[in-house]
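Q: One-letter residues, chain by chain:
10 protein chains.
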Amino acid sequence: MEFLVDVRVALPAEMEAQQRAALLAAELQRGRELVAAGHISGIWRIPGALRNVAIWQARDATELHELIASLPLFPWIAADVTALATHPLNAD
Amino acid sequence: MEFLVDVRVALPAEMEAQQRAALLAAELQRGRELVAAGHISGIWRIPGALRNVAIWQARDATELHELIASLPLFPWIAADVTALATHPLNAD
Amino acid sequence: MEFLVDVRVALPAEMEAQQRAALLAAELQRGRELVAAGHISGIWRIPGALRNVAIWQARDATELHELIASLPLFPWIAADVTALATHPLNAD
Amino acid sequence: MEFLVDVRVALPAEMEAQQRAALLAAELQRGRELVAAGHISGIWRIPGALRNVAIWQARDATELHELIASLPLFPWIAADVTALATHPLNAD
Amino acid sequence: MEFLVDVRVALPAEMEAQQRAALLAAELQRGRELVAAGHISGIWRIPGALRNVAIWQARDATELHELIASLPLFPWIAADVTALATHPLNAD
Amino acid sequence: MEFLVDVRVALPAEMEAQQRAALLAAELQRGRELVAAGHISGIWRIPGALRNVAIWQARDATELHELIASLPLFPWIAADVTALATHPLNAD
Amino acid sequence: MEFLVDVRVALPAEMEAQQRAALLAAELQRGRELVAAGHISGIWRIPGALRNVAIWQARDATELHELIASLPLFPWIAADVTALATHPLNAD
Amino acid sequence: MEFLVDVRVALPAEMEAQQRAALLAAELQRGRELVAAGHISGIWRIPGALRNVAIWQARDATELHELIASLPLFPWIAADVTALATHPLNAD
Amino acid sequence: MEFLVDVRVALPAEMEAQQRAALLAAELQRGRELVAAGHISGIWRIPGALRNVAIWQARDATELHELIASLPLFPWIAADVTALATHPLNAD
Amino acid sequence: MEFLVDVRVALPAEMEAQQRAALLAAELQRGRELVAAGHISGIWRIPGALRNVAIWQARDATELHELIASLPLFPWIAADVTALATHPLNAD
Chain Z
91 MEFLVDVRVA LPAEMEAQQR AALLAAELQR GRELVAAGHI SGIWRIPGAL RNVAIWQARD
151 ATELHELIAS LPLFPWIAAD VTALATHPLN AD
Chain F
91 MEFLVDVRVA LPAEMEAQQR AALLAAELQR GRELVAAGHI SGIWRIPGAL RNVAIWQARD
151 ATELHELIAS LPLFPWIAAD VTALATHPLN AD
Chain B
91 MEFLVDVRVA LPAEMEAQQR AALLAAELQR GRELVAAGHI SGIWRIPGAL RNVAIWQARD
151 ATELHELIAS LPLFPWIAAD VTALATHPLN AD
Chain Y
91 MEFLVDVRVA LPAEMEAQQR AALLAAELQR GRELVAAGHI SGIWRIPGAL RNVAIWQARD
151 ATELHELIAS LPLFPWIAAD VTALATHPLN AD
Chain U
91 MEFLVDVRVA LPAEMEAQQR AALLAAELQR GRELVAAGHI SGIWRIPGAL RNVAIWQARD
151 ATELHELIAS LPLFPWIAAD VTALATHPLN AD
Chain W
91 MEFLVDVRVA LPAEMEAQQR AALLAAELQR GRELVAAGHI SGIWRIPGAL RNVAIWQARD
151 ATELHELIAS LPLFPWIAAD VTALATHPLN AD
Chain S
91 MEFLVDVRVA LPAEMEAQQR AALLAAELQR GRELVAAGHI SGIWRIPGAL RNVAIWQARD
151 ATELHELIAS LPLFPWIAAD VTALATHPLN AD
Chain X
91 MEFLVDVRVA LPAEMEAQQR AALLAAELQR GRELVAAGHI SGIWRIPGAL RNVAIWQARD
151 ATELHELIAS LPLFPWIAAD VTALATHPLN AD
Chain D
91 MEFLVDVRVA LPAEMEAQQR AALLAAELQR GRELVAAGHI SGIWRIPGAL RNVAIWQARD
151 ATELHELIAS LPLFPWIAAD VTALATHPLN AD
Chain R
91 MEFLVDVRVA LPAEMEAQQR AALLAAELQR GRELVAAGHI SGIWRIPGAL RNVAIWQARD
151 ATELHELIAS LPLFPWIAAD VTALATHPLN AD
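These protein sequences, in sequence, are chains Z, F, B, Y, U, W, S, X, D and R.
This note's numbering numbers the first residue of the first sequence as 91 and each following residue consecutively.
This note's numbering numbers the first residue of the second sequence as 91 and each following residue consecutively.
This note's numbering numbers the first residue of the third sequence as 91 and each following residue consecutively.
This note's numbering numbers the first residue of the fourth sequence as 91 and each following residue consecutively.
This note's numbering numbers the first residue of the fifth sequence as 91 and each following residue consecutively.
This note's numbering numbers the first residue of the sixth sequence as 91 and each following residue consecutively.
This note's numbering numbers the first residue of the seventh sequence as 91 and each following residue consecutively.
This note's numbering numbers the first residue of the eighth sequence as 91 and each following residue consecutively.
This note's numbering numbers the first residue of the ninth sequence as 91 and each following residue consecutively.
This note's numbering numbers the first residue of the tenth sequence as 91 and each following residue consecutively.
Keep in mind that a hint or two might mislead.
[To be verified] Derived list of chain W stretches under chain D, where covered just means 3 residues or more per stretch with a C-beta under 8 Å from a C-beta of chain D:
hint: 1; stretch: 117–129
hint: 2; stretch: 168–179
[To be verified] From chain U, some residues computed to sit far from chain W (all C-beta separations above 12 Å):
hint: 3; residue: A112
hint: 4; residue: R135
hint: 5; residue: G138
hint: 6; residue: T152
hint: 7; residue: S160
Simulated from the structure, these hints should not be mistaken for laboratory data.
C-beta: ideal position from N, C-alpha, C; glycine also.
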């Protein structure tokens with residue numbers, strides 16, 4: 091099943107540059123794994139902030155939660171999840 | 091998969107009593123079928139309005155949409171859908 | 091450039107069934123053209139309502155507006171447009 | 091009487107891992123007691139966050155408040171409570 | 091049990107004066123019955139609109155819904171219901 | 091004059107237990123004085139949070155502000171004040 | 091006592107010009123009376139809409155409601171009322 | 091003085107095509123006059139709707155209101171006005 | 091030109107009493123200067139919080155910003171500014 | 091392509107004056123470069139806060155994000171981006 095997930099990251103401005111860089115690098119690495127495993131099939135940045143929208147693929151909402159919770163930035167993330175249904179234009 | 095669906099019905103106040111009664115009766119009948127088929131496993135009224143919250147069961151969001159769209163009141167309905175994941179307390 | 095467009099359709103409940111069906115058929119036909127022309131690269135239904143989210147491709151916001159305004163349902167549509175930037179995971 | 095309770099937990103990201111784990115374990119334990127006592131009859135996780143919705147059973151809102159306030163995570167919780175009425179589909 | 095109910099009435103401005111007056115008179119009459127029966131123990135007008143807040147008494151949310159739905163203005167009403175718990179200052 | 095006051099208390103979760111208990115005890119004591127003086131004629135807890143709604147009596151908004159500002163928890167409080175008018179059902 | 095009242099007028103666009111002009115003239119006339127009687131001590135238009143903010147003077151919220159309800163445009167008005175307290179800068 | 095004005099037009103979908111076209115033509119004509127007179131110094135369409143944002147120039151809010159109210163579409167318009175101050179980057 | 095300015099002050103609850111008192115005294119002193127200079131022609135406290143609404147007079151939004159930024163509490167302030175136009179009732 | 095960008099800066103009130111001044115000076119310097127390069131074609135301050143709206147020019151949303159992220163205040167900024175289409179009044 092597919093989900094639209096809108097992820098906003100709220101890293102505190104005063105976080106040390108090194109910790110910040112390490113977290114962002116780990117996040118990118120975990121993201122690559124999720125793309126490779128087919129769990130993220132499309133992802134875009136919302137300009138002007140640390141925020142992205144992506145199309146996630148998971149068996150159900152339970153697996154989806156585990157995938158999002160596996161992100162290194164999870165404690166700093168606010169994620170809005172929207173379940174997606176097939177649209178007639180895609181189902182042709 | 092389970093979904094929390096919050097349904098608000100906005101029938102115009104000036105609708106004829108007969109049409110209103112017929113629609114509500116048809117809605118109740120369709121609701122009974124959805125309960126019998128296991129698609130609605132729990133449903134509650136939000137007091138003070140024509141509004142309910144229910145736990146729906148569907149293969150995925152595509153089937154869920156078809157089920158909601160099968161309601162006779164669908165053209166007058168605003169429905170908010172939330173995908174539900176298993177909670178550790180239920181998975182024990 | 092890519093845009094996330096969230097389209098909600100508000101057809102009045104009392105619209106005649108024939109006009110409604112004709113409008114929805116014309117909308118689907120125009121949608122197929124936009125998909126074929128590469129202007130819509132992904133589209134999903136939000137369950138529970140006449141609402142969809144889609145990834146649109148256009149030279150710029152001016153062309154995007156013309157494409158959305160070409161939809162037969164445009165007078166009944168509320169559309170939220172979000173400009174999308176490339177995400178590092180896609181740019182790899 | 092039944093209530094729909096939407097619980098969002100806001101643990102600070104910088105909380106020590108040990109305190110966090112202890113709190114979450116105590117919360118799970120208290121949750122099991124509430125399920126066993128029949129005060130929580132259904133509970134689901136909202137994917138993407140530390141958030142759940144549940145159906146609570148209590149004599150009245152006063153008892154419900156005491157039950158929610160007994161959660162170890164109560165100081166970090168924002169809870170929205172909705173009183174639930176019987177729906178005709180359940181009352182059949 | 092007690093509930094705080096916030097009632098906003100949205101009568102269309104173009105309703106005939108006679109129908110409007112009859113509805114408001116019937117509403118007042120039904121209100122007097124609810125006060126006499128102890129279902130409304132306090133009621134105040136929010137200035138500037140057809141809106142009131144009141145403390146309602148009912149066995150549970152199911153009875154409360156029936157009481158609100160018995161108002162002649164119910165089809166034009168939007169009601170927000172908040173379940174109330176005993177406060178230590180009142181429980182002394 | 092009467093006012094509906096909705097008070098939400100936001101004590102930081104990490105406040106020391108002793109300071110917290112002392113503040114809450116002082117708040118309860120000041121509340122008892124306000125009840126005894128007739129300034130609070132009804133008060134209820136909103137379940138699930140440190141939040142209450144109450145009917146306050148004061149000469150005018152200036153006195154009301156002084157009364158609310160006299161609460162020991164005032165620096166942690168967000169209060170919404172609604173001026174109340176007499177309702178025909180009460181004025182009978 | 092003083093109140094800040096924010097009044098938005100929602101006349102339907104299709105109202106006949108004559109009825110519209112008559113209503114607006116009556117509203118202006120009633121406004122002049124309220125100014126002359128000292129019930130409106132300051133009034134400003136919010137640019138871009140049929141909307142104003144004003145400082146109203148009334149014994150209490152009950153009288154204020156009667157004054158606002160006496161406006162010819164009352165059935166088309168949405169009014170937000172804020173009770174005002176004396177500010178130290180004015181009380182000097 | 092400069093103002094940012096966000097204008098949303100809500101023409102009813104069922105308006106006759108001829109009336110609609112006439113109104114939009116008159117609006118465009120009045121817009122050209124406002125541009126020529128220097129009252130609109132920049133204007134952009136928000137894609138996906140009948141909506142624009144523009145930089146308006148007026149002596150003060152009183153003149154601005156008269157300019158906006160002179161638009162043929164004024165009865166169907168919702169306009170949000172933001173007063174603009176000089177930014178140091180422009181004042182260099 | 092006149093502006094309606096809604097000022098909410100968010101001093102942290104844990105600020106030292108001495109710093110708090112000094113800031114509030116300085117704010118009151120600066121407020122007196124602004125009143126004396128004719129920049130604030132009316133000011134009221136919103137009861138229940140550190141919040142006020144006032145009518146400010148300034149040449150334009152640029153001067154208004156400088157006046158607000160001159161307040162000692164400016165770093166803790168959230169201010170909403172509304173440009174005000176002359177109302178026909180005042181212009182008589 | 092053009093974008094309307096609404097930037098709100100949330101510097102903590104307790105930041106040291108020297109760091110604050112250095113950041114604001116660096117921000118102004120970077121802003122001058124963006125103006126000189128034609129990336130910001132108009133910018134205004136929203137009075138009463140550290141907030142501005144500006145018209146930005148960029149190839150696409152990806153370049154726009156890089157430009158905004160190059161601001162020294164980026165970690166303290168919340169930016170809302172709106173894609174802008176050509177308006178008929180500008181395209182004449």
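Q: Hint by hint, note whether the structure agrees.
A: Against the structure, the hints come out as follows:
no.	hint	result
1	117–129	violated (count 0)
2	168–179	holds (count 4)
3	A112	16 Å, holds
4	R135	4 Å, violated
5	G138	9 Å, violated
6	T152	18 Å, holds
7	S160	15 Å, holds
Comparing the model with each earlier hint shows violations of hints 1, 4 and 5; every other hint is respected.
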